[in-house]
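Number of protein chains: 2
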Amino acid sequence: MNQEHISRQFDADLEGLRTRVLAMGGLVEQQLIRAMQGLKSGDMAQIEQVIATDRQVNRHEVELDEACNNVIARRQPAAVDLRMIMTVVKTITDLERIGDEAKKIAKMARDIHRGDTRVVPRVDLDPPAEIAVAMLRKALDAFARLDVNASAEVVRQDREVDSAYKAAARQLITFMMEDPRTISSSLDLLFVARSIERIGDHAKNISEYVVYLVKGRDVRHIGLEAMEQEVARPLGNP
Amino acid sequence: MNQEHISRQFDADLEGLRTRVLAMGGLVEQQLIRAMQGLKSGDMAQIEQVIATDRQVNRHEVELDEACNNVIARRQPAAVDLRMIMTVVKTITDLERIGDEAKKIAKMARDIHRGDTRVVPRVDLDPPAEIAVAMLRKALDAFARLDVNASAEVVRQDREVDSAYKAAARQLITFMMEDPRTISSSLDLLFVARSIERIGDHAKNISEYVVYLVKGRDVRHIGLEAMEQEVARPLGNP
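Residue numbers (full-length UniProt numbering), protein chains in the order written: chain U, 1 to 238; chain Y, 1 to 238.
Chain U with its partners taken away, still in its complex shape:
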């Protein structure tokens, strides 16, 4: 094999990894949407399907991890190629955990709809869930198009999902205090709200890895303002 051939093979490897991450991301997004639908409708078949499909999410993670290790061992990547692979390794961990949260939401939905005598408070969790889905989609988009501006938007949206979570939590606590019969189902909904908020955190993590991939600078833990500055900085200008 000549050098050019090896290099084309390597590009195909990297492209393969990227495609599989996006497929995993699509599956995880679908899990989250279906879990929220199940929570609303009480459709037990759908709820059970979300719970069962989590195995598929896990399989994606394990297979992608192995594929990343193989590419590193065979191709000995450096610089941006290595950053791409490390971004994949980290992204799939967060996607798997979003999958776990979707499964937890489905389990809460099962608990809520199975108890026929329970008093369920009317608190709408769609607003935070819609922000979380939008964040996940945009983070995957940022990864697909190497778009650091989309990354910055995801980080900004994390504040929105946090405040939508807090609003829902306050409502739920009010319900519990006014009618102790709602405590049990309010708690289930509170944990759903918490899962949604965590999904936002994971989407934020993914979008931060994309900045690292494109810019070569680790922007975790530095705060929104510093990250926005980094995103605005022209490439190759330290």
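Hints may be right or wrong, so weigh each one.
With a straight-line Cα cutoff of 25 Å, these simulated SDA-like cross-link-like pairs (lysine to any residue) come out [unchecked claim]:
| hint | chain 1 | residue 1 | chain 2 | residue 2 |
| --- | --- | --- | --- | --- |
| 1 | Y | 166 | Y | 178 |
| 2 | U | 107 | Y | 177 |
| 3 | Y | 104 | U | 173 |
| 4 | U | 107 | Y | 97 |
| 5 | U | 40 | U | 54 |
| 6 | U | 107 | Y | 107 |
| 7 | Y | 107 | U | 224 |
| 8 | Y | 107 | U | 223 |
| 9 | Y | 215 | U | 58 |
| 10 | Y | 107 | U | 171 |
| 11 | Y | 104 | U | 160 |
| 12 | Y | 215 | U | 59 |
| 13 | U | 166 | Y | 121 |
| 14 | U | 104 | Y | 166 |
| 15 | U | 107 | Y | 194 |
| 16 | Y | 104 | U | 158 |
| 17 | U | 107 | Y | 160 |
| 18 | U | 215 | Y | 59 |
Hints were generated in silico from the structure; no laboratory data involved.
Dock chain Y against the given chain U, drawing on the hints supplied.
Relative to chain U, chain Y alone:
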């Protein structure tokens, strides 16, 4: 530089990564212990210190990630050496998230002890916290000594921490139902209990990476029994 020299340098690199992971693990363990002490004592100086020290945990993560990338780019590791580095990359993500949970516990402790009129239920969270600390310690030990039997013990203990969490949650829900004035502080304690349970999950993740490192097989998501079989299997015997 001759081959032997390079190889010794490489060993020193790997040893350096291992040592730094253990230092980060020690810091995270200390954070968890101090957060739980703060919850009990209400010592505000200690609580604030835990919250402030989370930055140090984050710094460890960022620096270790960078060090791993440098070692991969310079040494082009394969087989067990590459597995070691990938184990470090994954382990530090879980350690950082344990650090986040410790910080959340400290924030809950601050909320609970700041509100002087609040009725706080007497539910002891030391039992689950002690299991979680023991799991974290054992997972770090498994990593330090490449001890897959210790890994299996951690996975077994995850069941204990889950049931200690559930017992605490049941008690807290009873308090809330009997005295709605306790709802607010019971919820804070419930979230602390939930953080402890998650710390157990992270310790379990770390111990699973050690099995992967030593045995070359990914044992995540396969269940306790299958993992125990894998741990019992002699090395090099597929």
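Here is what the structure says about each hint:
1. Y:166 / Y:178: holds, 18 Å
2. U:107 / Y:177: Holds, at roughly 23 Å.
3. Y:104 / U:173: The given pair, whose Cα atoms are some 19 Å apart, holds under the 25 Å limit.
4. U:107 / Y:97: Holds, at roughly 24 Å.
5. U:40 / U:54: holds, 20 Å
6. U:107 / Y:107: Roughly 28 Å separates the two Cα atoms, so the pair is violated.
7. Y:107 / U:224: Holds, because 21 Å separates the two Cα atoms, which is no more than 25 Å.
8. Y:107 / U:223: Holds, because 19 Å separates the two Cα atoms, which is no more than 25 Å.
9. Y:215 / U:58: Between residue 215 of chain Y and residue 58 of chain U the Cα gap is close to 20 Å, so the pair holds against 25 Å.
10. Y:107 / U:171: holds, 21 Å
11. Y:104 / U:160: holds, 20 Å
12. Y:215 / U:59: holds, 19 Å
13. U:166 / Y:121: holds, 23 Å
14. U:104 / Y:166: Distance ~15 Å between residue 104 of chain U and residue 166 of chain Y Cα, so the pair holds.
15. U:107 / Y:194: holds, 16 Å
16. Y:104 / U:158: holds, 17 Å
17. U:107 / Y:160: Holds, at roughly 21 Å.
18. U:215 / Y:59: Roughly 19 Å separates the two Cα atoms, so the pair holds.
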